[in-house]
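Counting in the working numbering, the sequence shown runs from 784 upward without gaps.
Hints listed in this document are in silico derivations from the structure and should not be mistaken for laboratory results.
Among the hints, erroneous ones may be present.
[As the list claims (entries may be wrong)] Estimated spans, in silico, between C-beta atoms of each pair:
#: 1; residue 1: T1082; residue 2: E828; range: 33 to 43 angstroms
#: 2; residue 1: K961; residue 2: F1028; range: 17 to 27 angstroms
#: 3; residue 1: E1061; residue 2: T962; range: 20 to 30 angstroms
#: 4; residue 1: D969; residue 2: R871; range: 21 to 31 angstroms
#: 5; residue 1: K1027; residue 2: V892; range: 23 to 33 angstroms
#: 6; residue 1: E1061; residue 2: G946; range: 22 to 32 angstroms
#: 7; residue 1: D969; residue 2: G925; range: 44 to 54 angstroms
#: 8; residue 1: G970; residue 2: G946; range: 17 to 27 angstroms
#: 9; residue 1: G970; residue 2: D854; range: 43 to 53 angstroms
#: 10; residue 1: S1023; residue 2: R923; range: 56 to 66 angstroms
#: 11; residue 1: D854; residue 2: V892; range: 45 to 55 angstroms
#: 12; residue 1: G818; residue 2: A1034; range: 28 to 38 angstroms
#: 13; residue 1: A992; residue 2: T962; range: 25 to 35 angstroms
[Claimed, not checked] Under the rule of at most 30 angstroms between Cα atoms (straight-line distance), these lysine-lysine pairs were calculated in the DSS-like manner:
#: 14; residue 1: K1071; residue 2: K944
#: 15; residue 1: K961; residue 2: K1071
#: 16; residue 1: K911; residue 2: K927
In this text, all values refer to a predicted model and were calculated from it rather than measured experimentally.
We treat Cβ as the ideally placed atom computed from N, Cα and C, and that holds for glycine.
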Amino acid sequence: MVADGYEITSLDNYKIGGKEFLPVDVAQQVNWVEGDSRDFGLLSELVRGKDGVIHLAAPSSFLMYEEDPIDGASVTTQGFLNVLEAMRRNDVRKLVYASTSAVYEGNPVPYVEGMTIDPPDLKALSKKWNEDAAHQYSTRYGIKAIGLRPFSVYGHDEFSKGGYANVISLFAWAAVSKTNPVVWGDGQQTRDFIYVDDAGLAFQRALEADLDTQEFNVGTGIETTFTEAIAMVEQELGVSLAPKFVDVPIAIYAHRLLADTTRAENVLGFRARTSVREGVRRVVEATKRAQRDWPELATAQMYFETLPQH
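Work the whole structure out from these sequences, hints included.
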């Protein structure tokens, strides 16, 4: 968006990253503000005079909700309501926000917008509440709110996320560090892995589109098993790994994730461009470059073995 000439103000609490992880030429072109979306006064001040808002502030991993459900739900719901109310009071009419593919859990794949959803966990429930609140503010106050339901987003620069990073990153970090990856279950669970650059493009397309309030899947429409993802890492590095398979330690766990991308393609004009193979290659190459600066990468996946049984 910076490259396309946008003037951007970013509110971030820097919990798992921030401007120091961006290329310098990009970081210098963004107005960075440290703060929390639950600070309504600050949020209202920042929203004033803006053309639109992209809202991403919420715990990025379901594991965060498992660890601290009160804070997770507070950020996700109160922060979102603050965004809506700040926009209403300052006459800002365009919102693009991150929901989650987790709202579909319990339905058969592929997941299609319009399915009946009955969220089984707190993350999904909080995001479903966001969608309902967005529709209410749209009906009552005319805010056009586009909810994007990202599937399994991964990327080349997740180092600051540690154990909360996407499994592709965790697998690559382990392999580059000459450590065998840890896998919950038998490795046959699937994800619709979408590369971070493509996910970012979806948010920009949604901001620029003149559409009524609705939701879109952000995925590739392709399933990849964890075993297949590990095999891609092996091929990129020219190594043979021996994954350690452990029992799934949580009661609610998605064994398949797959997006129906028809609406996103036909209405939003968005289609993912990066294959999983190419994405894995980028993650592996970035990990090689970062290994010296992030020696803890080898142990980031320890979370998969140490999470208490729920």
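We went through each hint and held it up to the structure:
1. T1082 x E828: 33 to 43 angstroms: At 41 angstroms between Cβs, range holds.
2. K961 x F1028: 17 to 27 angstroms: Roughly 19 angstroms apart at Cβ, these two residues keep to the hinted range, so it holds.
3. E1061 x T962: 20 to 30 angstroms: Holds: the Cβ-Cβ distance is about 24 angstroms, inside 20 to 30 angstroms.
4. D969 x R871: 21 to 31 angstroms: Because 49 angstroms falls outside the window, the suggested range is violated.
5. K1027 x V892: 23 to 33 angstroms: 27 angstroms, holds
6. E1061 x G946: 22 to 32 angstroms: 25 angstroms, holds
7. D969 x G925: 44 to 54 angstroms: At 50 angstroms between Cβs, range holds.
8. G970 x G946: 17 to 27 angstroms: With a Cβ separation near 19 angstroms, G970 and G946 satisfy 17 to 27 angstroms, so the hint holds.
9. G970 x D854: 43 to 53 angstroms: Since the Cβ atoms of G970 and D854 sit about 32 angstroms apart, the hinted range of 43 to 53 angstroms is violated.
10. S1023 x R923: 56 to 66 angstroms: Given about 59 angstroms between the Cβ atoms, the range holds.
11. D854 x V892: 45 to 55 angstroms: Cβ of D854 to Cβ of V892: about 31 angstroms, so the range 45 to 55 angstroms is violated.
12. G818 x A1034: 28 to 38 angstroms: Given range 28 to 38 angstroms: holds, Cβ gap about 35 angstroms.
13. A992 x T962: 25 to 35 angstroms: Violated: the Cβ-Cβ distance is about 43 angstroms, outside 25 to 35 angstroms.
14. K1071 x K944: The given pair, whose Cα atoms are some 17 angstroms apart, holds under the 30 angstroms limit.
15. K961 x K1071: Holds. K961 to K1071 sits at ~12 angstroms (cutoff 30 angstroms).
16. K911 x K927: With a Cα-Cα distance of about 17 angstroms, the restraint between K911 and K927 holds, given a limit of 30 angstroms.
Hints 4, 9, 11 and 13, counting from the list given before, are not met by this structure.
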